[in-house]
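Q: Mind docking chain S on chain F? Use the hints.
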Amino acid sequence: MMNLTIDNQEIEVEEGTTILEAARDNGIFIPTLCYHEALEPYAACRLCVVELEGKRDSRLVASCAYPCEEGAVVYTNSEIVRCSRRVTVELLMASGEHLPLVRALATELGVAEPRFRLPPDDCILCGLCVRACRDIVGVAAISLMNRGMEKKVGPPFEIASNACIECGTCVLICPTGALKLQDITKEQEDVHRWDSLFDHHSCHICGDHNLEPQFSVDYRSLLGEQPLDEEPSEG
Amino acid sequence: MEKMRTPAELEELRRLLSKEQDASQLCVTLCGGTGCRAYGSEGVLEALQGEIKAQAIENRVNLRMTGCHGFCERGPLVVIQPKEIFYHGVKVEDVPQIISETVVKGEIIDSLLYVDPSTGQKIACESEVPFYKKQRRLLLDMNGQIDPTSVTDYITLGGYGSLSKVLSQMTPEKVIAEVTRAKLRGRGGAGFPAGLKWRFTREASGDTKYVVCNADEGDPGAYMDRSIMEGNPHRVVEGMIIGGYAIGAHRGFVYIRNEYPLAVKHLGTAIAQARECGLLGKDILGSGFDFDVEIRLGAGAFVCGEETALMASIEGRTGEPRPRPPYPAQEGLWSQPTNINNVKSWANVPLIIEKGADWYAQIGTEGSKGTKIFSVVGKINNTGLVEVPMGATLRHIIFDIGGGIPNGKEFKAVQIGGPSGGCIPKEHLDTPIDYESLTELGAMMGSGGMVICDEDTCMVDLARYFMTFVQEESCGKCVPCRVGTKAMLETLARITKGEGRETDIDYLLELAEAIKGSSLCGLGQTAPNPVLSTLRYFRDEYETHIYEKRCPAKVCPDLITYEVIADLCTGCMVCARNCPTEAISGEKGTVHTIDQDLCVRCGLCKELCKFDAISVR
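Protein chains in written order, with my numbering: chain F, 1 to 235; chain S, 1 to 617.
These aren't lab readings, by the way, just hints derived from the structure by calculation.
Be aware that a few hints might be false.
Residues from chain S shown here face chain F by an in silico Cβ test under 10 Å; the list is partial [stated by the list, open to error]: (1) Val303; (2) Glu473; (3) Gly517.
Derived DSSO-like pairs: lysine-lysine, alpha-carbon spacing no greater than 30 Å straight-line [stated by the list, open to error]: (4) S:Lys497 / F:Lys151; (5) F:Lys55 / S:Lys516; (6) F:Lys151 / S:Lys516; (7) F:Lys152 / S:Lys516.
In this text the structure is predicted, and so the values were computed from the model without any measurement.
C-beta atoms are modelled at their ideal positions from N, C-alpha and C, and glycine is treated no differently.
One chain only, chain F, in its complex shape (with noise of 0.2 Å):
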């Protein structure tokens, strides 16, 4: 057991537990955005930040990731704390103002409206289904791809996956609705479908789709190479 002070409050917890955690069991409200109990921290979002106090200077860490110390001094709510989450929110709303979520977050840390803008879209890369996709499920059918500005997700090279097995959790973990059970079913105009590669049958008692997966394409003649059970033709 380690004790720290959070916002003037003693606190003792475990080892190894976060700032997030000990802040949440003890009632302290911190906002965030990629975290999921569930999951690993990600530590992307950075709404999470906290101040930390140090012996020469305090600086802000993520409280998601960040491990409890012996003796720390914490600061959820000082003014450097709301001051960089009003930043990290205002440039959230560049491209993501019309987000009932991201709305929330602005009107509670008194933004307004943003100084800057990006086009609308919906994904805020915060990678919840992308970390529940490999961590939880266990099919890694679709990953973060490409750097900065550009970085987006969706499956390999962005053809349908052969290994979604269209059980929905990415749709059901996304914060803002990006992800929709069509994007994964069929094919959609929107930048985040990846429709998977089986049929997807409808189930006798509830009427929904089942999760027996029956390929219907192969991914090889997708890429233009030869079916494996194809023998190559003569001459």
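A: Here is chain S on its own, set in the frame of chain F:
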């Protein structure tokens, strides 16, 4: 080559090699660094080989293509030993004369000698050239002497002697104590004490430990690490083996960018040779210590120079940083304790062991020991690699060694530390540079890139350039770096287009503070530095762009106009013929005019006009 099994066998080999090498024998060394190769040194090498053969003097003269000599401005460089006769700008046509005059008769060719611009005197000896004379070349010294693809060249000059000493006479703890006492600080830029980092990794719990050499040099204009790996790769390998021994690691990785083909090749050769000689592999020199090194190629992502992204890349995952802690010393490659150091840090290690911590700690300033290599580029007379003790002043580097600014222009600022660093104006030319003083001035030591700016450099444009670089190289994982640098870049672009707003400077400062404070990794945390430092020292230039819609340095294309000065124009048609957009009209012998709607402000007309008849406003 036969495997060496004891330190004594290594010493015996060195003795034999030195005996073989007659110090008085003629040796023509030719710079084979990437810069000199671009100037055509490979052609010169062929010509030298041909000429030596033609004159049938193969048994009297050695020919050696070495690594980078550092004076890149003047390549290709040829030095004839033992007298150190220094020829610069050597062309294939000069080769027959070099062989027949200098090599055969010992006569110096005047026209190929370096002329000291300050005295007008010709200098024949390499070490007397001011560019070299005023440096202290501890890491670069062997670059001009050895063939980087020859392990025997390195061994002859004492190479692997430190490794032999460490394995036969020192405990791992003693090695760490020596590096700690030498006060070696990480040469990647942050300056973390190397000895301390080694101790953390040694003491961390874990059966398997790794050492990594970070050779993902990527700052615009920086090529120090590249030149060490190209010119003296065994030094890096030796440093890593010593580090592995001290830390308790048996496997090392060099993470090097694939855009450095010569460095990759030379390092690969060095590793293969070291294995062959028994300096890598099982039971090195009979010590019972096993160690091997592998090369991992990077695909040119700047962010992979960040240690956690680098490790992800080595493991075969996307090169994205992760939050620290845990630090690599606790959980690094494959979650095992890992020690990562820069190329120059590793290259310093054999030196510290050879000469001792006390000797090493004498060099430099109180807090920063040893030497530092800078690649001095931009608006400077002597472009090249400069190695000076820590604590040297910028004036010493830029003016005494670098030869000052070309074309009589005024020095304006120097961008140190690449896109993570900052600019330092002329007021601070006399500040002794070490890790602390540079941070105080708003820059940082960084890996050692130095871009010199003269009076014709627009500081807003410079900041925009570096922001473009970071924006392209941001991995995009965290919001402040991905979107924040884009917001900064758009703001800077607007200012340089004359569309700046009154609120822009405050907006830039607000973004900069937030990005610095809240980004996930070092790339984002330092990305705003070029903007912050140019705002600190050249705020007036931003204001002129914003309020007067004017670029004082006459660089930003949207804020300048090119005009013909009627009194000076002779109507020679040179500008009109060369204008890429055909914006210049006028008959021969009559004053020309520039159509402002067609002009793209490329400045070619001004550059080409022999009569200074083009003005910029």
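Q: Does Val303 of chain S pass the interface check with chain F, least Cβ-Cβ distance below 10 Å?
A: holds, 8 Å
Q: Answer holds if the nearest beta-carbon of chain F is closer than 10 Å to that of Gly517 of chain S; otherwise answer violated.
A: holds, 5 Å
Q: Is it true that the CA of Lys55 of chain F sits at most 30 Å from the CA of Lys516 of chain S?
A: holds, 19 Å
Q: Take the C-alpha atoms of Lys497 of chain S and Lys151 of chain F, compute the straight-line distance between them, and say whether it is at most 30 Å.
A: Holds, because 28 Å separates the two Cα atoms, which is no more than 30 Å.
Q: Hinted pair, alpha-carbon criterion (30 Å max): Lys151 of chain F, Lys516 of chain S. Please report holds or violated.
A: It holds: about 21 Å lies between the C-alpha atoms, which stays within 30 Å.
Q: Is the hinted pair Lys152 of chain F and Lys516 of chain S satisfied, with a Cα-Cα distance of at most 30 Å?
A: holds, 24 Å
Q: Given Glu473 of chain S was flagged as interface, is its beta-carbon under 10 Å from a beta-carbon of chain F?
A: This interface hint holds because 7 Å falls under the 10 Å limit.
In summary, the structure agrees with every hint in the numbered list given earlier.
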